[in-house]
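Novice: Sequence order for the protein chains is A and B.
Residues in the first sequence are numbered from 1 upward in steps of one, following our numbering.
Residues in the second sequence are numbered from 1 upward in steps of one, following our numbering.
If you are wondering where the hints come from, they were derived from the structure by calculation, not from laboratory data.
Glycine included, C-beta positions come from ideal geometry on N, C-alpha and C.
Heads up, some of the hints might be wrong.
Okay, the calculated beta carbon distance ranges per label pair [as the list claims (entries may be wrong)]:
id	chain 1	residue 1	chain 2	residue 2	range
1	A	342	B	91	28 to 34 Å
2	A	337	B	329	44 to 50 Å
3	A	378	B	194	55 to 61 Å
4	B	329	A	388	24 to 30 Å
5	A	378	B	111	46 to 52 Å
Straight-line Cα separation of at most 20 Å, EDC-like style, residue types lysine to aspartate or glutamate; simulated pairs [unchecked claim]:
id	chain 1	residue 1	chain 2	residue 2
6	A	371	B	294
7	A	385	B	176
8	A	365	B	168
9	A	365	B	176
10	A	288	A	321
11	B	391	B	402
12	A	363	B	402
13	A	219	A	141
14	A	178	A	115
15	A	53	A	67
16	A	371	B	176
17	A	219	A	289
18	A	298	A	330
19	B	357	B	389
20	A	371	B	168
21	A	178	A	229
22	A	298	A	246
23	A	363	B	176
24	B	391	B	422
25	A	219	A	246
26	B	329	B	422
27	A	371	B	293
28	B	78	A	364
Covered stretches of chain A, as calculated for chain B (at least 3 residues, CB under 8 Å) [as the list claims (entries may be wrong)]:
id	segment
29	350-363
30	367-378
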Amino acid sequence: MSSARGVRSTEQALRLASSLSRQSYVCKACRAQAIRAFSTTHAQSAEGVSFFKRMQDTLFGTKASRDRREAQEKKERGREVEGASPTIYDDEQRTKVGPDGQTYEVAAVVEAARERQYVQATSLDGLETVGSEQWVRARADKGEQYVGFVPKKRIELGSSQWMMLLHHITVELLVLQKAGRPVGQVCYPRQGLEDPNSYSWLYTRSGTIETGSKSDGIKVIFADPLAEERLLLAIPKSLSESQLQDERALMSELEGAVAESASSAGNGALDATRNVSPARGWMEAPLKDANIKMALYKRILQLTGKRIPDPVISTSTTIADLYNHLRTKDKPAKLFQSPQIQRLKVIAPNVAVYSNRRTPIHKEKELGRWKVIEEELVRRDLPVKGSRWVGAKAKAR
Amino acid sequence: MSPFITRDGSPTTGTAAKTGSYPTAMAVSKAVEEDYEPAPESHPPAPVEQVLHNRSTRHVAERPLYAPSHRKALHSAKLAALHARLSLPSKLPLQTLARCLIDSSADPRPGYNNAPLAILGQDLLGYYTAEYILCHYPRLPMAILFAAQYAYVGNATLAAMRSEWGVETVGAPGQEVEPGLLQLKRLMPGNAMLEGENIRVRDMPQARRLGSGRRNEAFDYRRGMSSRVVYDDQFGDLQTGLPPNDARPFFGAPISTPNTTSDVEGTSNEAQPQRDASALSVHDPPEGPQTVEDTEPTTVELASASFVRALAGALYLHAGATASKTFHKDHVLSRHVQLHTLFHFTHPTRDLSNLCKREGFEPPVARLISETGRLSRTPVFVVGVFSGEEKLGEAAGASLNEARIRAAAAALRSWYLYSPPETEICLPSDAEGLASISKGRGKANHKEANMPWKPQMIDIGEIIT
Chain A
1 MSSARGVRST EQALRLASSL SRQSYVCKAC RAQAIRAFST THAQSAEGVS
51 FFKRMQDTLF GTKASRDRRE AQEKKERGRE VEGASPTIYD DEQRTKVGPD
101 GQTYEVAAVV EAARERQYVQ ATSLDGLETV GSEQWVRARA DKGEQYVGFV
151 PKKRIELGSS QWMMLLHHIT VELLVLQKAG RPVGQVCYPR QGLEDPNSYS
201 WLYTRSGTIE TGSKSDGIKV IFADPLAEER LLLAIPKSLS ESQLQDERAL
251 MSELEGAVAE SASSAGNGAL DATRNVSPAR GWMEAPLKDA NIKMALYKRI
301 LQLTGKRIPD PVISTSTTIA DLYNHLRTKD KPAKLFQSPQ IQRLKVIAPN
351 VAVYSNRRTP IHKEKELGRW KVIEEELVRR DLPVKGSRWV GAKAKAR
Chain B
1 MSPFITRDGS PTTGTAAKTG SYPTAMAVSK AVEEDYEPAP ESHPPAPVEQ
51 VLHNRSTRHV AERPLYAPSH RKALHSAKLA ALHARLSLPS KLPLQTLARC
101 LIDSSADPRP GYNNAPLAIL GQDLLGYYTA EYILCHYPRL PMAILFAAQY
151 AYVGNATLAA MRSEWGVETV GAPGQEVEPG LLQLKRLMPG NAMLEGENIR
201 VRDMPQARRL GSGRRNEAFD YRRGMSSRVV YDDQFGDLQT GLPPNDARPF
251 FGAPISTPNT TSDVEGTSNE AQPQRDASAL SVHDPPEGPQ TVEDTEPTTV
301 ELASASFVRA LAGALYLHAG ATASKTFHKD HVLSRHVQLH TLFHFTHPTR
351 DLSNLCKREG FEPPVARLIS ETGRLSRTPV FVVGVFSGEE KLGEAAGASL
401 NEARIRAAAA ALRSWYLYSP PETEICLPSD AEGLASISKG RGKANHKEAN
451 MPWKPQMIDI GEIIT
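So that you can see chain B by itself, here it is in the shape it has in the complex (with noise of 0.2 Å):
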């Protein structure tokens, strides 16, 4: 599998960096406009006739709100706050950070809440951490992998950036709530009495959530890092909050449903086109919940890291690639992760064996390179891995077997953790931006425009144990 090729980069994310134009940028700001209805505070009481006439004229009176109006973002002072906190640029509007703070738990419908700029973010999110490990790291194992990605932008990292940037949440959304909090309905904490009951949410018997009905997700599949990286989301975690598999892909998208009754009885030809007319309609009810009383409650953690990614992706639609770039350097970048530490070894000096082997490296000695303390209670022996001539790595231990072993781990740990000269790396995402720049707006003031891209170490892979 190519490192690069996860589900993670998103093909349109190129296209609409390399056309310099945002379609969907303005087809957001376009729903915003027309789908939020003006704010029934900003307007004084209109009377009985008139509203009846509104309703029956204008389709936007029908909807409800189920969050305050995006009217009321420009005046509220926790959103300006925290666009200036955040030094977020003046071409994304308070409107739109506003929007991101919905949640879908707090308003189901997607031309609304945040849920379809999170998609977006998420994707972007995980693009750009996905290639800045792999380019930084490129000997890094799957599992490995795996874990940054989720210490770099999985919920958990999210949920404490949204804390960290000062975004509160509401008690119960509404529509009289401030704008600048983080708009979710809450689920009932486990600790709980259920009401009516002596008894506790979380010993409620509860029905076991219904996945998307694929195969990794049956009780006996054997889900190991293939299966992961076929399946799973981008943290190799099952993915939650899938559609069925006879889901349409968006709202309102023409889905042909399997007849089998026809086939069964065997019924004439001339009423096949009808049939497949009605199965390919396209103005069936929505599906999915329409209210707030229909929705899921979620939790904080998750509503913060969907308003986050929500972001992200609101960034890259109303101010382009590089801000969101930007973004994910100054947010997600800057926190330091451990990577030496998330390496967990089983057979150390096995594997260091097997990778020797692959790379024509002399098989690897352990030598004693100094020690202390042999018969006292606490000896230190300090063993190096040699290949050779080549020292691979050096650990120190308390006997002669942990020491050796602490070794090969150290010096599978230093070659996993390779990194290329910071000067070779370059990451296809400063490379996305290139045809546009140099054709349309000549030289422009960009890092990278004067970096031509260089092909990137591909590492052949990790020793299996």
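So that you can see chain A by itself, here it is in the shape it has in the complex (with noise of 0.2 Å):
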């Protein structure tokens, strides 16, 4: 508060001094050396109230600090007066609506004193219990079963397999655009295991994709124009609310997309073999519609858990380009395994070249002390490699 008056006055004090030039405007340095200055006057002299004035105040307090703590008062009576009256429920009423509108069972008062054939449980066998997280989940979700969208296990795929999973949904897409379907029904819960009908992976197999003369139109042709009424059929058009998402038939419909051979489709497992392979000529075709897009991003994630980054989605105009994502890639070769290196180890067997980094322990290993180290560590309760982890205690028992 000192500072702030000792800044008024020197300020209207530089402001009177500069007046003949005008100037209204005083820099900053100028004003905190103004600051700086120093000051004889006392702080409270400069407010201009008396010493009795302030004694009273200090002493009976002033209207406005008055007025405050009676509001303080009344405020705390108030609340005194709603806490001596708690809301008593009538007897009688036996049902109460709750706050959003549902209606609880009022559990009757049995007076054991009263009652003669009231006899006292021994045990909590057939007692109702509150609590325990069975409880919570059963209130939580009121018996509803929820199957998420995405599988609970992600799916790692190689290249080939990849690249038949994308035809396999493309062509089912480009069906479903053809029949002037939604293409979100794609991801539609199928029929299942059962029904041999929903094989829909049997018949995209026979679709060729290939684009169109439109600029922005890619196409399918069957050979067999049955094939696509089937997958058509296949590919269910309404959602049912009986009809949940299968995890074994979408699993069992992506082994069958990404088998060699129809035939072979069920029984080979889902391995992520590391081929590589570059994308194909059929890949090239535009993906300018967004909902073909975007509907082939959600089958995607719903069959293998494989999330697309948002910006390769955006960037990515071909097939191809998103391919090009979800293959696996050549690791970055190493130093050790280039040939040089290897055919160093045979001119020259004494250079040693590692394939990972040199730690600590590789030196002491060398010396024969890591083995004295370690049994002394082990004997002392303590990590052996390092305590920055969690665990690491665990882990040294």
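Dock chain to chain to rebuild the complex, using the hints, since each chain is given by itself in its own frame.
Specialist: This is how it looks when you write it as structure tokens:
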């Protein structure tokens, strides 16, 4: 407060001193200098309040402070009155409506002293229990079963498998588009394993994707028109409430779509072999329709759990771009694997090039000291390989 | 005692050099091939049945490795660098160099450690050093000879050599360590505290080391110079680590145990041949420690000395006598030993007069050659010791008596440190290969090929005070 007052007075003084030159602006440095200037004025005398008045205010308070205290007291008194009269439920009232509209049944009060038939329970069996994780879960979802859209386990695919899966989904999408149905129906839950009519992967193989004459269009051509019809039948038209997404059906569809041949579908397990294959010609088909792109993304997510990042979705203009993101890539070659180093191992066997980083433990091992250090650490119940990770001590034991 | 008949001179040395073939080298390299087990890391892990099968069929699978396998030697940068740094001949393989680095405390089995090579190397180094000292300084007293020998090829010198070569030591021996390091089981330092007790290692009451039970080890035995020559090692010190008297000279050697009970009980003579046969059984279990846990820990100095000696022995076996002599010349004789500082006379004047009497010189007379500041605080007298007209020695001293004694000591030192001219010196080891060179290879590029053996000067001995 005193500093602000100092600023005010000195600024005024400066302004008066420089009034001849009509300079209203005082630079920051000058103001700072003025603040630092020494002042002999007492802080209290500058306010213009007499000593008697100040003492009076201190002892009895000002009008403002009195009002504030009264308001506070009033507020507290009101709170006490509320607490003294809690809401008492009527015994006769059997039901009660909650704040969000639902009705609760009020339990009957049983007085053990009056009721002759009342028998005290000797065990917890048969009594209603409150609490436990199971109880909470049962109340929370009210018996509904939640089935996620994304599978719980992410599935890794090899390059050629990705290629086949992309082909399968794209053919389905194009067939839906051709039939005038919304492409989002591709994600609807299928009939399941029991119905062979829902095996859409049997028909998508025969579809050929071609770039259409239109600038934005790609189309699918079937040699057998029956396959197209079957495929349309396999994809449900409506999303039924009772039909839940079946993980086994999704898995079988994925396995069928990425199998080597249609006959071997289903019996081959999914194994992500590290084969690196470049994009094929049909993949150069443009992906301009945002709906198709979105449906493709959703179907990939639904089947494999693989999320495609937004930048990739927005920048990919063809299926090949998507494929290049999804396919397994070559690991960057290490110096250790270079042919020069492999030759060096033969020419100069005493030159050691390691494939991994040399740690202090390696150095200790070369000196033969590591086994001693390890033994002593274990004996003292200390972490052997560092302590900067959770469970380091548990691992040491 | 002839100066050349020391225990350092190995009779087998000459034989091997003369024949030109090295049966021991072949045996050692064969042992290397047979005894070493393949490195576990060089093979993928075998199934359990395969391992069990191998264990039952192959004898070597039962032998664990206490030191890195010889297969790792080829991949060690340290070993290759050491081989190049010492300019070792290519005949000496890296595997043998690696074996030279395995002390007997790291692996007690003689087929794996450097002990056999070190024995040979110690004899060779001792032999070459002794002949060098004796031929160059034929009049050296025995005590100086011992001291000079220790200064050239003693443990401390060889340990310094090891560290100058840049050979480092392991912390603890094991199979996983770098093969280019000196493998030894370290002695616990005396300053270390004993576990669970409030006492230092060096303050522990220790059992006295049991010696070989020889006469000169008794506490009341007067170990004079003659005793040292007869009983002790090449440095005149008590031989430590000698096996007891009834021990076998080598592993598996037949040994007869005197059966005294038969004489007492007076059993029949028919049982005698059977008892002899059992006494001479060869297939006894091997003596001594077989695992690292049983070995005695050693000091870095002792292990370093054994490494250098083993290297000399391995050089002899793999590359021949010339290579080992070159090694000795480059690494041992290149270290200058100031022999005149080793002398310590108690009665130089008396010794000098005894010497003159023995040699038939005129009795020594001390004469003042010059002086300065006789009445000052620091007078200097220069006194010469003369035998007739010949001046034997000269020295300066702060008093007449001191100068006289110093002059006598100088005269004795110059007598003892006499060295024949270089052209007259011919080392026995240089003349060893003459026969084979002249017979087999004709004119070899050998310095000594044209030099016939010259009898070396042999002094009648020192003056015994």
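Novice: Hint by hint, say whether it matches the structure.
Specialist: Against the structure, the hints:
At roughly 30 Å, the beta-carbon separation of residue 342 of chain A and residue 91 of chain B lies within the given 28 to 34 Å, and the hint holds. Between residue 337 of chain A and residue 329 of chain B the beta carbons are some 48 Å apart, a value that agrees with the proposed interval 44 to 50 Å. Distance hint check for residue 378 of chain A and residue 194 of chain B: the Cβ-Cβ separation is about 22 Å, which falls outside the suggested range of 55 to 61 Å. Taking 24 to 30 Å as the suggested C-beta distance range, the pair residue 329 of chain B and residue 388 of chain A does not conform, at roughly 57 Å.
Under the hint 46 to 52 Å, the C-beta atoms of residue 378 of chain A and residue 111 of chain B, about 34 Å apart, miss the expected range. For the given pair, residue 371 of chain A sits about 19 Å from residue 294 of chain B by alpha-carbon distance, which is consistent with the 20 Å threshold. Pair hint residue 385 of chain A plus residue 176 of chain B holds up; C-alpha atoms about 18 Å apart against a cutoff of 20 Å. Using a Cα cut-off of 20 Å, the hinted pair residue 365 of chain A and residue 168 of chain B holds, with the two alpha carbons roughly 14 Å apart.
Under the criterion of a C-alpha separation no larger than 20 Å, the hint pairing residue 365 of chain A with residue 176 of chain B is consistent with the structure, at around 7 Å. Pair hint residue 288 of chain A plus residue 321 of chain A holds up; C-alpha atoms about 12 Å apart against a cutoff of 20 Å. With a C-alpha separation of about 18 Å, the suggested pairing of residue 391 of chain B with residue 402 of chain B holds against the 20 Å cut-off. A threshold of 20 Å between alpha carbons decides the hint, and for residue 363 of chain A with residue 402 of chain B the separation of about 61 Å lies outside it, so the pair is violated.
A C-alpha spacing of about 44 Å is found between residue 219 of chain A and residue 141 of chain A, which places the hinted pair above 20 Å, so the restraint is violated. In summary, the hint linking residue 178 of chain A to residue 115 of chain A is not supported, as the alpha carbons are separated by about 75 Å, beyond the 20 Å threshold. Between residue 53 of chain A and residue 67 of chain A, the direct Cα distance comes to roughly 18 Å. Compliance with the 20 Å bound is thereby established for this hinted pair. For the hint linking residue 371 of chain A to residue 176 of chain B, the alpha-carbon distance of about 10 Å falls within 20 Å, and the restraint holds.
A distance of roughly 12 Å separates the Cα atoms of residue 219 of chain A and residue 289 of chain A; the hinted pair therefore holds under the 20 Å criterion. For the hint pairing residue 298 of chain A with residue 330 of chain A, the CA-to-CA distance comes to about 27 Å; that exceeds 20 Å, so the pair is violated. Only pairs whose Cα atoms come within 20 Å are accepted, and residue 357 of chain B paired with residue 389 of chain B is accepted, the gap being roughly 16 Å. For the given pair, residue 371 of chain A sits about 19 Å from residue 168 of chain B by alpha-carbon distance, which is consistent with the 20 Å threshold.
The straight-line distance between the Cα atoms of residue 178 of chain A and residue 229 of chain A is roughly 11 Å, inside the 20 Å bound, and the hint therefore holds. At roughly 16 Å between alpha-carbon atoms, residue 298 of chain A and residue 246 of chain A fall within 20 Å of each other, so this suggested pair holds. Straight-line distance between C-alpha atoms of residue 363 of chain A and residue 176 of chain B comes to about 11 Å, which keeps the hinted pair within the 20 Å bound. A distance of roughly 25 Å separates the Cα atoms of residue 391 of chain B and residue 422 of chain B; the hinted pair therefore is violated under the 20 Å criterion.
Between the alpha carbons of residue 219 of chain A and residue 246 of chain A the distance comes to roughly 30 Å, so the proposed pair goes past 20 Å and is violated. Of the pairs offered as hints, the one joining residue 329 of chain B and residue 422 of chain B holds, with about 16 Å between alpha carbons and a cut-off of 20 Å not exceeded. For the hint linking residue 371 of chain A to residue 293 of chain B, the alpha-carbon distance of about 15 Å falls within 20 Å, and the restraint holds. Simply put, residue 78 of chain B and residue 364 of chain A have alpha-carbon atoms about 16 Å apart, close enough for the 20 Å limit, and the pair holds.
With 3 residues having a beta carbon nearer than 8 Å to a beta carbon of chain B, the segment 350-363 of chain A meets the requirement of three or more and the stated coverage holds. Counting residues of the segment 367-378 of chain A whose CB lies closer than 8 Å to any CB of chain B gives 6, so the stated coverage by that chain holds, three being the minimum.
Hints 3, 4, 5, 12, 13, 14, 18, 24 and 25 from the list above are not met by this structure, while the remaining hints are.
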